[in-house]
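In the order they appear, the protein sequences are chains A and B. When we follow our numbering, the leftmost residue of the first sequence carries the number 1, and every step to the right adds one. When we follow our numbering, the leftmost residue of the second sequence carries the number 1, and every step to the right adds one.
Be careful, since some hints might not be right.
Stated by the list, open to error - Okay, derived cross-link-like pairs now, DSSO-like style, lysine-lysine, Cα gap no bigger than 27 Å in a straight line:
hint : chain 1 : residue 1 : chain 2 : residue 2
1    : A       : 48        : B       : 162
2    : B       : 187       : B       : 227
3    : B       : 163       : A       : 158
4    : B       : 153       : A       : 169
5    : B       : 162       : A       : 162
6    : B       : 212       : A       : 162
7    : A       : 244       : B       : 47
8    : B       : 192       : A       : 47
9    : B       : 163       : A       : 244
10   : A       : 163       : B       : 192
11   : B       : 187       : A       : 163
12   : A       : 47        : B       : 244
13   : B       : 163       : A       : 153
14   : B       : 212       : A       : 48
15   : B       : 48        : A       : 153
16   : A       : 158       : B       : 169
17   : A       : 105       : A       : 48
18   : B       : 118       : B       : 162
I should point out that these hints are in silico values taken from the structure, not numbers from a laboratory. As the structure is a computational prediction, the values presented were derived from the model and not from experiment.
Protein chains: 2
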Amino acid sequence: MIGIFDSGIGGLTVVKALMEHLSGYDIIYFGDTARTPYGTKSSETVKKYALENTDFLLSKGAKIIVIACNTASSVATESVTENFNIPIFEVITPAVELSINTSHKLCIGIIGTRATVKSGIYEKKIREMKPKAKVYSKACPLLVPLVEEGWLKKPETKMIVKKYLHPLKVRQIDTLILGCTHYPLLKDIIQKKIGKKVNIIDSSIAVASKVKAFLENHQNINNMLSKKGMYRFFVSDVTEQFEKTAKSMLKIDIRLEHVSSS
Amino acid sequence: MIGIFDSGIGGLTVVKALMEHLSGYDIIYFGDTARTPYGTKSSETVKKYALENTDFLLSKGAKIIVIACNTASSVATESVTENFNIPIFEVITPAVELSINTSHKLCIGIIGTRATVKSGIYEKKIREMKPKAKVYSKACPLLVPLVEEGWLKKPETKMIVKKYLHPLKVRQIDTLILGCTHYPLLKDIIQKKIGKKVNIIDSSIAVASKVKAFLENHQNINNMLSKKGMYRFFVSDVTEQFEKTAKSMLKIDIRLEHVSSS
Numbered sequence: 001m002i003g004i005f006d007s008g009i010g011g012l013t014v015v016k017a018l019m020e021h022l023s024g025y026d027i028i029y030f031g032d033t034a035r036t037p038y039g040t041k042s043s044e045t046v047k048k049y050a051l052e053n054t055d056f057l058l059s060k061g062a063k064i065i066v067i068a069c070n071t072a073s074s075v076a077t078e079s080v081t082e083n084f085n086i087p088i089f090e091v092i093t094p095a096v097e098l099s100i101n102t103s104h105k106l107c108i109g110i111i112g113t114r115a116t117v118k119s120g121i122y123e124k125k126i127r128e129m130k131p132k133a134k135v136y137s138k139a140c141p142l143l144v145p146l147v148e149e150g151w152l153k154k155p156e157t158k159m160i161v162k163k164y165l166h167p168l169k170v171r172q173i174d175t176l177i178l179g180c181t182h183y184p185l186l187k188d189i190i191q192k193k194i195g196k197k198v199n200i201i202d203s204s205i206a207v208a209s210k211v212k213a214f215l216e217n218h219q220n221i222n223n224m225l226s227k228k229g230m231y232r233f234f235v236s237d238v239t240e241q242f243e244k245t246a247k248s249m250l251k252i253d254i255r256l257e258h259v260s261s262s
Numbered sequence: 001m002i003g004i005f006d007s008g009i010g011g012l013t014v015v016k017a018l019m020e021h022l023s024g025y026d027i028i029y030f031g032d033t034a035r036t037p038y039g040t041k042s043s044e045t046v047k048k049y050a051l052e053n054t055d056f057l058l059s060k061g062a063k064i065i066v067i068a069c070n071t072a073s074s075v076a077t078e079s080v081t082e083n084f085n086i087p088i089f090e091v092i093t094p095a096v097e098l099s100i101n102t103s104h105k106l107c108i109g110i111i112g113t114r115a116t117v118k119s120g121i122y123e124k125k126i127r128e129m130k131p132k133a134k135v136y137s138k139a140c141p142l143l144v145p146l147v148e149e150g151w152l153k154k155p156e157t158k159m160i161v162k163k164y165l166h167p168l169k170v171r172q173i174d175t176l177i178l179g180c181t182h183y184p185l186l187k188d189i190i191q192k193k194i195g196k197k198v199n200i201i202d203s204s205i206a207v208a209s210k211v212k213a214f215l216e217n218h219q220n221i222n223n224m225l226s227k228k229g230m231y232r233f234f235v236s237d238v239t240e241q242f243e244k245t246a247k248s249m250l251k252i253d254i255r256l257e258h259v260s261s262s
């Protein structure tokens, strides 16, 4: 199975992209809803959680892992890769590669949680590949609660998005990376406020393409993955909001399974 | 010592009220910042956390406990009282008593997190004492992230507060209970939006008065409490935001001590 974890519901955008790119592959999801959000927590705490979550997914039969949370991807990928001897994907590198391959001016904006932006990982990765790129970041801590609240089209959400994007807009970026897996749910508002000429990079789609390409080139691993179209969703805390959002996003009937976070 | 816990920074409003009402009493605080927020989590999870937090405070020398979190107060007070043989205070009953003693029309509004409002505990307690009272509740899940973000006076915050309070305003409540320890930080905006004639009940002040009265009537317990004006602040995750907010709220220099949440 393909194992995916996130701090909460955001990673479901990655599940959706994987369902579209790798139709029929079995997926096991873990949403750490008892300890969400990760974006406001320290690196040490997020690393500890990421290792525990990976361990859990392996115990349930995962053969590859997608860290579908930008905060965990930015601070915990190295620890997870060092501790587990299987292919680990994160959501940052695929988005960075896509952004530098499609940006004309190499003037790139990034939005994410406070932890992701503070880590500086997007700038670092972009500059490793394109030292002359101009990169501007903006932390947007209120967008996750707005998405979790379901306020996807409210005027207050539009105002807050506009306020957050303002410093990137004045820099005239031509590409904007959505550095948080919750943000694709606000893509329409974000596109409108940043301007229709700006190319928006959705990390959920970027990582799904990357996993697909990897499996096409690694048939031994591809053969280990079951393909019965089975999806299992584990959460560390069962809440109505998660079930409601998951059903409306994925358009399938899902049953949440509870697992205690340690 | 007086032990206090909260899911994060909200309980600092209770610390502040206790520092004012019981000047010089030693206080030990635990903010469960690694697992914050509690308001979106299930009752079972919040109960488990509350028992763990109480256990920790007792191990550090607490002789009485104040549950300075409305969510934990509403779902976990019974469990904590059953499991520990010391005086336990919660933030709901004192606010309820104050509201029914001061409301003229007995037309009372309550705002809180989704978990607190869903528990129905304020209505239940008010109706137990005043069966004819009219009680209206409104969940305001975005106010905690707005406070944690420090957006205390932003226009977006004012709009969101106005939207949340609208259904209570049309009911012409004469008293509004702030059913979340974060909300006193938004008291000015809330007062403006609900109308200046509405009496706002701040649960942090209500519980501090209650603890003070209890100690005056229980000298044996009062004598067990040390009074060197010492304050210790433990958190399960050390973040800059917590330290910054704590210093600006309490006007004292504090040093955060880290403790792992299990």
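Hints versus structure:
Among the hinted pairs, residue 48(A) with residue 162(B) is inconsistent with the structure: their alpha-carbon atoms are about 40 Å apart, more than 27 Å. For the given pair, residue 187(B) sits about 31 Å from residue 227(B) by alpha-carbon distance, which is inconsistent with the 27 Å threshold. Taking the CA atoms of residue 163(B) and residue 158(A), the gap is about 15 Å. The hint holds against a cut of 27 Å. For the given pair, residue 153(B) sits about 24 Å from residue 169(A) by alpha-carbon distance, which is consistent with the 27 Å threshold.
Taken as a hint, the residue 162(B) and residue 162(A) pair is honoured in the structure, with Cα atoms around 20 Å apart against an allowance of 27 Å. Simply put, residue 212(B) and residue 162(A) have alpha-carbon atoms about 47 Å apart, too far for the 27 Å limit, and the pair is violated. Taken as a hint, the residue 244(A) and residue 47(B) pair is honoured in the structure, with Cα atoms around 24 Å apart against an allowance of 27 Å. A C-alpha spacing of about 43 Å is found between residue 192(B) and residue 47(A), which places the hinted pair above 27 Å, so the restraint is violated.
Distance restraint check for residue 163(B) and residue 244(A): the Cα-Cα separation of roughly 23 Å lies within the 27 Å cut-off, and the hinted pair is therefore satisfied. Between residue 163(A) and residue 192(B), the direct Cα distance comes to roughly 24 Å. Compliance with the 27 Å bound is thereby established for this hinted pair. Straight-line distance between C-alpha atoms of residue 187(B) and residue 163(A) comes to about 24 Å, which keeps the hinted pair within the 27 Å bound. With a CA separation close to 24 Å, the supplied pair residue 47(A) and residue 244(B) stays within the 27 Å bound.
Distance check on the hinted pair: residue 163(B) and residue 153(A) sit about 14 Å apart at the alpha-carbon level, within 27 Å; holds. With a CA separation close to 41 Å, the supplied pair residue 212(B) and residue 48(A) exceeds the 27 Å bound. Distance check on the hinted pair: residue 48(B) and residue 153(A) sit about 36 Å apart at the alpha-carbon level, beyond 27 Å; violated. Using a Cα cut-off of 27 Å, the hinted pair residue 158(A) and residue 169(B) holds, with the two alpha carbons roughly 25 Å apart.
Using a Cα cut-off of 27 Å, the hinted pair residue 105(A) and residue 48(A) is violated, with the two alpha carbons roughly 39 Å apart. Among the hinted pairs, residue 118(B) with residue 162(B) is consistent with the structure: their alpha-carbon atoms are about 21 Å apart, no more than 27 Å.
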